[in-house]
Amino acid sequence: MHLCNKEALTKCYEELSEKKAVVTNCIKNKLRLKINNARSYNKGKI
Numbered sequence: 002m003h004l005c006n007k008e009a010l011t012k013c014y015e016e017l018s019e020k021k022a023v024v025t026n027c028i029k030n031k032l033r034l035k036i037n038n039a040r041s042y043n044k045g046k047i
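When you number the sequence shown by our numbering, it's gap-free, plus one each residue, and the end is 47.
If you are wondering where the hints come from, they were derived from the structure by calculation, not from laboratory data.
Fair warning: there could be bad hints in the mix.
[What the hints assert, rightly or not] Lysine to aspartate or glutamate pairs mimicking DMTMM-like chemistry, simulated, CA-CA at most 25 Å apart: (1) Lys7 / Glu19; (2) Lys29 / Glu19; (3) Lys29 / Glu8; (4) Lys31 / Glu19; (5) Lys21 / Glu8.
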């Protein structure tokens, strides 16, 4: 019983950290896009 619960918990944690990684990557990509857009916008102004 204890082993089963531990495995289920471990799996749950792994799934959570995977979701967290996906969200983090998504945010990083959005920030990178914003920075790139700002750079190209500034280049156009100069």
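Quick rundown of the hints versus the structure:
As the CA atoms of Lys7 and Glu19 are separated by approximately 18 Å, the hinted pair is consistent with the 25 Å bound. A distance of roughly 15 Å separates the Cα atoms of Lys29 and Glu19; the hinted pair therefore holds under the 25 Å criterion. About 31 Å separates the Cα atoms of Lys29 and Glu8, which puts this hinted pair outside 25 Å; it is violated. The hinted pair formed by Lys31 and Glu19 meets the criterion: a straight-line CA distance of about 18 Å does not exceed 25 Å.
With a CA separation close to 20 Å, the supplied pair Lys21 and Glu8 stays within the 25 Å bound.
When the structure is compared with the earlier hints, a violation turns up for hint 3 alone.
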